[in-house]
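*Asks:* Based on the hints, put chains B, C and D in the right spot on chain A.
Protein chains: 4
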Amino acid sequence: MQILDQKISIKGVIPPMVTPMDTNGEVDIQGVEKLVEHLISGGVHGVFILGTTGEFSSLDIAQKKELIAATCKFVDGRIPVLVGVTDVCLKGSIALSKFAERSGAYAVVAAPPYYMGIDQEELCHFYGQLADSIPLPLFLYNMPSHTKVSIDVQTAVALSKHKNIIGLKDSSANGSYFQSLRYYFNDQPDFVLMVGPEEMLAETVLMGGYGGVCGGANLFPRLYVKLYQAAMAHDIDEIIRLQKLVMTISQNIYRHGGYKSSYLKGLKTALSFSGIIQAQFAPPLFPFAPNEEEELKARFSKIASMIIE
Amino acid sequence: MQILDQKISIKGVIPPMVTPMDTNGEVDIQGVEKLVEHLISGGVHGVFILGTTGEFSSLDIAQKKELIAATCKFVDGRIPVLVGVTDVCLKGSIALSKFAERSGAYAVVAAPPYYMGIDQEELCHFYGQLADSIPLPLFLYNMPSHTKVSIDVQTAVALSKHKNIIGLKDSSANGSYFQSLRYYFNDQPDFVLMVGPEEMLAETVLMGGYGGVCGGANLFPRLYVKLYQAAMAHDIDEIIRLQKLVMTISQNIYRHGGYKSSYLKGLKTALSFSGIIQAQFAPPLFPFAPNEEEELKARFSKIASMIIE
Amino acid sequence: MQILDQKISIKGVIPPMVTPMDTNGEVDIQGVEKLVEHLISGGVHGVFILGTTGEFSSLDIAQKKELIAATCKFVDGRIPVLVGVTDVCLKGSIALSKFAERSGAYAVVAAPPYYMGIDQEELCHFYGQLADSIPLPLFLYNMPSHTKVSIDVQTAVALSKHKNIIGLKDSSANGSYFQSLRYYFNDQPDFVLMVGPEEMLAETVLMGGYGGVCGGANLFPRLYVKLYQAAMAHDIDEIIRLQKLVMTISQNIYRHGGYKSSYLKGLKTALSFSGIIQAQFAPPLFPFAPNEEEELKARFSKIASMIIE
Amino acid sequence: MQILDQKISIKGVIPPMVTPMDTNGEVDIQGVEKLVEHLISGGVHGVFILGTTGEFSSLDIAQKKELIAATCKFVDGRIPVLVGVTDVCLKGSIALSKFAERSGAYAVVAAPPYYMGIDQEELCHFYGQLADSIPLPLFLYNMPSHTKVSIDVQTAVALSKHKNIIGLKDSSANGSYFQSLRYYFNDQPDFVLMVGPEEMLAETVLMGGYGGVCGGANLFPRLYVKLYQAAMAHDIDEIIRLQKLVMTISQNIYRHGGYKSSYLKGLKTALSFSGIIQAQFAPPLFPFAPNEEEELKARFSKIASMIIE
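Protein chains in written order, with this note's numbering: chain A, 3 to 311; chain B, 3 to 311; chain C, 3 to 311; chain D, 3 to 311.
Think of the hints as simulated: they come from the structure by calculation, not from any bench.
Watch out, some of these pointers could steer you wrong.
[What the hints assert, rightly or not] Below 30 Å or equal to it, Euclidean Cα-Cα: the simulated DSS-like pairs (lysine-lysine) are: (1) Lys93/A / Lys304/B; (2) Lys262/D / Lys150/C; (3) Lys100/C / Lys262/B; (4) Lys163/A / Lys13/A; (5) Lys262/A / Lys163/D; (6) Lys262/A / Lys150/C; (7) Lys36/B / Lys67/B; (8) Lys246/A / Lys246/D; (9) Lys36/C / Lys13/C; (10) Lys67/C / Lys100/D; (11) Lys93/A / Lys67/B; (12) Lys262/C / Lys93/D; (13) Lys100/D / Lys100/C; (14) Lys67/D / Lys165/D; (15) Lys67/D / Lys150/C; (16) Lys93/D / Lys100/C; (17) Lys262/D / Lys304/D.
For reference, chain A alone in the conformation it holds in the complex:
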């Protein structure tokens, strides 16, 4: 197995890979293989497994390890694999990070512990202990809607002094916050700032961001890669054209059914229409009702026909 040089900093479109599941509630290894090939052939610059989109919180440790091992095996060093190790328990994050390293992952990604409310000081302490204890570089993961705590810009700046902390993925959707990060990290070009919401990929790259962790790239990897390239090339007309497609996906697939979990349900179900994965979820999520699925299928077909990858 080929190991990537972690000195080369990551950039571009890194899909937060959904976790293919089967009807028994287990990881669908065949689905993982198909999805990895689909993404790599779409030109993505890396994959991020076990993020929020990957339902990390709903999987047990054995399933997480299975997914890490399978993904690294199928990717086989062609692109960097980032592994989510977010856990409320520090020991759990460390153990998973070590497994990720042995499996050939490029880096790990961790959101703050998300049960107890904690202060920035406790947050710094936690990330410091984690970064000290793991054999892979670490991305901070700002996800305040889920973790109840936002990584303050000054906390991120302080943590970036740790040689093992190499970047931050911001899923807050807060444009002012992201620009504040950009401002403070202007002199640290090696510290990688990725944006979570795909609706903001183009603008943040235009303004100096490094790329995005775009859920929709599970479906249409090339579309997001093209959008990234257009943003890197400052090709505004092309950006506007592609952004419209990205928004069409976002508005039609991710809000379907009006569930709090519509994003995940819509994304995985749409991906099942292409035969790459099954529309299966880990609890507490469950599939759409048949009529909901049918309606989504009609929407998806229309969108797919608009996108000639």
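*Replies:* Coordinates of chains B, C and D only, in the frame set by chain A:
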């Protein structure tokens, strides 16, 4: 080992037991034994381990199992042991529940999955799957400040139809919510409604509640037992007298230092002054600075002298 | 017009009076008169106009003055009139307080300025300026769900040193918070602590509170007065019996239709069934649809028949 | 007085004008004149008075009218004047809108009523009533952090059908939300979408937005105008250069002192250093302590020297 009859419904003061830790970050088994004896000799009606106060989210599975086994062994059937099995992963909750059953626990307690935002429908689905899959009766655990979702009164009513769901612990501190539960469960006296914040123990018992999960009972178990008894006896003068002591603890120990985690830091550190446990925590928490600890000690001594148990 | 002695501190059931409106969107003066008589004959210990239940935020200054003058005239010194002067603009609060004083009101009530997010220091400053500038005693009004800021217990303690600040109405529904107030004000029996949610009237009076600002007392004033008296007498059996009726109102009238404004819509519409007021609202609220109203009427009749005042 | 053609849709940099106050707590008319000249000579495309930055909520009606009349007089038709008429009371918004029209304003701007929690349906109803009743075109103003309700994209789409509703100012800072607006209004180029946070001006204009309501433009109007022009011209290098200055202001002036109100305190105090206004505020805000002000002055001088307008 003696097994308790789960038909006898639980009532009274059930301390959410802190988890004694040592300086290596492991469960301090000797501390568990001392704490169990301290609580039982104080007259508590049960213990609840691996709750929020027990830092459940910060422990790994091995530590949780060690704590469950040790607690059940030391308690040895003298009082019911309730085990927190809250987990973002259903499989994890089920596995821990099975272990708790084998260890001799009386029941399990689970808060909603706390990472993803979910709807009431998904919440019902999740609790139904959990209750179907475990060999012990289940308490619902409402903790919206930590889980971001409140168990709607109607959701609780629907779930109470499941024969394996036997009660609800409400830690919302919302008096109107608790009274709504009381109203809807008026005709189901077997469904146990316990209140979380100890500041509300007396009033909820007066109004027909079943007791409380009082963190301060780790420190002064007999005080809370007496308060419960006074409330059961409708002895308002005694209630007012004891409530003042309970509030003195709450206002002086749980806010010390102004941390988000002051409650836990204050409670465990105060308990260390009696030599029962060490002032050690699982990450992300860490001990008070020496001067903070010294100041707390002075406060604690003053309070302890006010309480002649 | 008779003026009440403000030295006699207020206690008991103080309904937050709804504001009777006509179909032209103006204050219905005849409705005010009928409602005042209904409340006084029901035995209430005061009335609080221009609170949240009184739709204060939706009325203009002329309407507020009209309501203050009419209420004071109809009450004619028989019970204390408390006037809500909550305003985002300090000058507005002061002007209305002066008008209230000239009209014969007993005291004013003010929630924090509710547009800008402010600190406790700014809150202290604001309340200090207000209390310095008005000719009537002032009640603080804690309403964090609407104002986005909670009056910290220590802020309330500091403000209580002002000779013109005589009490606090807490509508947070947080039982722990209310007990903290009780604890810190234990030695200041003249500082009046009233509770907002009527579901918590009985328990807070049992625990030493001074009474409640009960919306339902607009409908059935005598019921809430009896509940208050039972709580003062520590008559738990009677409390339990009356509490059930109070909860029946709360669960059946205030949640009707599932609107965010269901409490206000339900309360005023139910009151219209007795012919005391019209089911009219100030914008942004609007009446129930006819079928919603019809269903509420059926519920209300059933409840009314349960309550023999 | 010259009246602008409201058919010409507004674009560019529209500073949310601070309200100059004197030491007596009254509007400083001389300050208004100086500020208007400062802004117009800086090339701004309009001014927006009585927004959040204009402390609208802290002023009484007489002060608001005085400010409207003075601003319109001093502007004298050279640029459009937008007037904030946000009020919890519909009648208040209508009355102020009529006054604005008589004074020569171009349009009015209204955030949702911000005391009661309301639904989207109630929000639509409210905005419909307002738009029906006023003689000027209306901008919706999305400000969820202050109003507790976000204007759903679909609500905005529905309201845009009203001929009197001509645009939306979004101060949510949520980049995904703004892109959703852009997507749905793609076919309605006359519906003006302005962004609130100045940190997001460049990126939203690059992506097709119409401009920004930039608080910092009170200080350095030309800087923001240049940034807008660079964004319109797709001149990324110039954008990056100017954005750095904009962020320097944002990070050094608006967070000074760590108050919740630091933005407003910092902005007005910095503007006082140029002698244009006094560092005076309407309650509940109050000036910085002398040492805080001194420190800000040092920061401001440094920034001013970096910006050669």
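*Asks:* Taking the hints in turn, state whether each one holds.
*Replies:* Each hint tested on the structure:
1. Lys93/A / Lys304/B: violated, 38 Å
2. Lys262/D / Lys150/C: holds, 12 Å
3. Lys100/C / Lys262/B: violated, 42 Å
4. Lys163/A / Lys13/A: Roughly 20 Å between the alpha carbons, so the hint for Lys163/A and Lys13/A holds.
5. Lys262/A / Lys163/D: Within the cut-off at roughly 28 Å; holds.
6. Lys262/A / Lys150/C: Holds, at roughly 24 Å.
7. Lys36/B / Lys67/B: holds, 18 Å
8. Lys246/A / Lys246/D: Since the Cα atoms of Lys246/A and Lys246/D sit roughly 29 Å apart, the hinted pair holds (cutoff 30 Å).
9. Lys36/C / Lys13/C: holds, 23 Å
10. Lys67/C / Lys100/D: Since the Cα atoms of Lys67/C and Lys100/D sit roughly 23 Å apart, the hinted pair holds (cutoff 30 Å).
11. Lys93/A / Lys67/B: holds, 15 Å
12. Lys262/C / Lys93/D: holds, 22 Å
13. Lys100/D / Lys100/C: Distance ~28 Å between Lys100/D and Lys100/C Cα, so the pair holds.
14. Lys67/D / Lys165/D: holds, 26 Å
15. Lys67/D / Lys150/C: holds, 28 Å
16. Lys93/D / Lys100/C: holds, 23 Å
17. Lys262/D / Lys304/D: holds, 24 Å
Comparing the model with each numbered hint stated earlier shows that hints 1, 3 do not hold.
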